[in-house]
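Student: Residue numbers (the numbering used here), protein chains in the order written: chain A, 1 to 229; chain B, 1 to 229.
One thing to keep in mind: the hints can contain errors.
Stated by the list, open to error - Below, computed lysine-lysine pairings styled on DSBU-like, alpha-carbon distance capped at 35 Å:
hint, chain 1, residue 1, chain 2, residue 2
1, A, Lys219, A, Lys194
2, A, Lys228, B, Lys83
3, A, Lys83, B, Lys158
4, A, Lys220, A, Lys187
5, B, Lys219, A, Lys228
Unchecked claim - Derived CB-CB ranges, DEER-like:
hint, chain 1, residue 1, chain 2, residue 2, range
6, B, Leu173, A, Glu39, 34 to 40 Å
7, B, Ser222, A, Glu170, 41 to 47 Å
8, A, Thr66, B, Lys219, 45 to 51 Å
Hint data in this document are derived by calculation from the structure and do not stem from the laboratory. Predicted model, so just to flag it, every value in this text is computed and none were measured. For each residue, glycine too, the CB sits at the ideal point set by N, CA and C.
Number of protein chains: 2
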Amino acid sequence: MDYNYNQEDKALVAVDCIIFGFDEDDLKLLLIKRGFEPEMGKWSLMGGFLKKNETLDEAANRVLQTLTGLDEVYMEQLYGFSKIDRDPVERTISVAYYALININDHNPKLLDQHSAQWFSIGDIPPLIFDHHEMLNKALRRLRRRTSTNPVGFELLPKKFTMRQLQKLYEVILDEELDKRNFQKKIKQLDVLVKLKEKDMTSSRKGSFLYEFDKEKYEKKVSDGFTFKM
Amino acid sequence: MDYNYNQEDKALVAVDCIIFGFDEDDLKLLLIKRGFEPEMGKWSLMGGFLKKNETLDEAANRVLQTLTGLDEVYMEQLYGFSKIDRDPVERTISVAYYALININDHNPKLLDQHSAQWFSIGDIPPLIFDHHEMLNKALRRLRRRTSTNPVGFELLPKKFTMRQLQKLYEVILDEELDKRNFQKKIKQLDVLVKLKEKDMTSSRKGSFLYEFDKEKYEKKVSDGFTFKM
Numbered sequence: 001m002d003y004n005y006n007q008e009d010k011a012l013v014a015v016d017c018i019i020f021g022f023d024e025d026d027l028k029l030l031l032i033k034r035g036f037e038p039e040m041g042k043w044s045l046m047g048g049f050l051k052k053n054e055t056l057d058e059a060a061n062r063v064l065q066t067l068t069g070l071d072e073v074y075m076e077q078l079y080g081f082s083k084i085d086r087d088p089v090e091r092t093i094s095v096a097y098y099a100l101i102n103i104n105d106h107n108p109k110l111l112d113q114h115s116a117q118w119f120s121i122g123d124i125p126p127l128i129f130d131h132h133e134m135l136n137k138a139l140r141r142l143r144r145r146t147s148t149n150p151v152g153f154e155l156l157p158k159k160f161t162m163r164q165l166q167k168l169y170e171v172i173l174d175e176e177l178d179k180r181n182f183q184k185k186i187k188q189l190d191v192l193v194k195l196k197e198k199d200m201t202s203s204r205k206g207s208f209l210y211e212f213d214k215e216k217y218e219k220k221v222s223d224g225f226t227f228k229m
Numbered sequence: 001m002d003y004n005y006n007q008e009d010k011a012l013v014a015v016d017c018i019i020f021g022f023d024e025d026d027l028k029l030l031l032i033k034r035g036f037e038p039e040m041g042k043w044s045l046m047g048g049f050l051k052k053n054e055t056l057d058e059a060a061n062r063v064l065q066t067l068t069g070l071d072e073v074y075m076e077q078l079y080g081f082s083k084i085d086r087d088p089v090e091r092t093i094s095v096a097y098y099a100l101i102n103i104n105d106h107n108p109k110l111l112d113q114h115s116a117q118w119f120s121i122g123d124i125p126p127l128i129f130d131h132h133e134m135l136n137k138a139l140r141r142l143r144r145r146t147s148t149n150p151v152g153f154e155l156l157p158k159k160f161t162m163r164q165l166q167k168l169y170e171v172i173l174d175e176e177l178d179k180r181n182f183q184k185k186i187k188q189l190d191v192l193v194k195l196k197e198k199d200m201t202s203s204r205k206g207s208f209l210y211e212f213d214k215e216k217y218e219k220k221v222s223d224g225f226t227f228k229m
């Protein structure tokens, strides 16, 4: 085995963030308009270079916070991308992360500052480099995660209606779900609290609001429960 | 956002391979004895530095092939590890891969050449750097994968007994399984072919041998089937 290396084998290491939000109807992706060559003016995931004194997680959090003002959101390392010429300027390995944020929480002023914009997942413009590949991998991971973990709730407001929850699963899984089956499944999971409060915006009768009971969920998990949607 | 970088932000990028094998009774891990400082003489995952002209996948395959003589085995990128001082000599980002090999297929001569040795998963010696963390992450990933994908068969000989298959799941999941339930589950999956041939080494009566029917499995998947153990 060859444990020697050349200084020129060193590479730039970047992180790129796939930032998902949900606005009650649609799964959305946050993109920035690239302000420099190559591919100036094209849309891009938000990224940055790993600095000498930070870990990949820290770099990804820095990028996310710069663009949204948020920290302590759900974020997960996705995959390392390494095609030789993926960045035409210089060899760059990029480790992609995906984040799930409540779309109402971020700081919209920062978006302007970075020429950033939300796009519906069904209407994504051409992206630079291998960013489409990153996005597709993130979508597959998100689908898997939401079917075995309650990460979907990260995308919802604290209080949500059953309709919003179903819509969220529909856009993530990219399929229509039967309302009765869906509500039955959710009820069986037994991790939501039904509030007395109603959302009155969607119909005259109003819709009951729910909250995810994280404490109860964690207690159940420690007793051997597996979330399954 | 800061798109500038210093040449000194460049990092060494390594791959480390978590190579799993199964010898009918035990899940095993392939380790090499480190032949240089720091931590000379300690056990280590097999790794190498990413070269300028190769992708991470190619580097991981190169490392695996150097140590086992094998290519075209099941291998999956696991995670990027980046603690600042994980390698005390120089900043090194390591992308870990895990591989599943049939333990009878590898070239044992190469093991000597690299001071490599198989260890039972329940009896792993102290490892260098963050290699324990890598191993634990690989074990968790392997557990998830084997319960939703037929990757476990990669660890078995082409023809195997029901007892071997059950043992494999037991060591991966780290729990005893009920024989009747296990066989019922396997039968329901309907992806094995029962051969006329028997393995006569384990009992006088012998045990029927089975093969995984990959073609049938793939046909079923394209019809919407999900593997579930």
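Student: Against each hint, give a clear statement of whether it holds in the structure.
Tutor: Against the structure, the hints:
1. A:Lys219 - A:Lys194: holds, 18 Å
2. A:Lys228 - B:Lys83: Within the cut-off at roughly 33 Å; holds.
3. A:Lys83 - B:Lys158: Distance ~34 Å between lysine 83 (chain A) and lysine 158 (chain B) Cα, so the pair holds.
4. A:Lys220 - A:Lys187: Status holds; Cα separation ~14 Å.
5. B:Lys219 - A:Lys228: Holds - the C-alpha atoms of lysine 228 (chain A) and lysine 219 (chain B) are around 25 Å apart, at most 35 Å.
6. B:Leu173 - A:Glu39: 34 to 40 Å: Violated, at about 47 Å.
7. B:Ser222 - A:Glu170: 41 to 47 Å: Violated: the Cβ-Cβ distance is about 23 Å, outside 41 to 47 Å.
8. A:Thr66 - B:Lys219: 45 to 51 Å: Holds - the Cβ-Cβ distance for threonine 66 (chain A) and lysine 219 (chain B), about 48 Å, lies within 45 to 51 Å.
In summary, the structure is inconsistent with hints 6 and 7 from the numbered list given earlier, while agreeing with the others.
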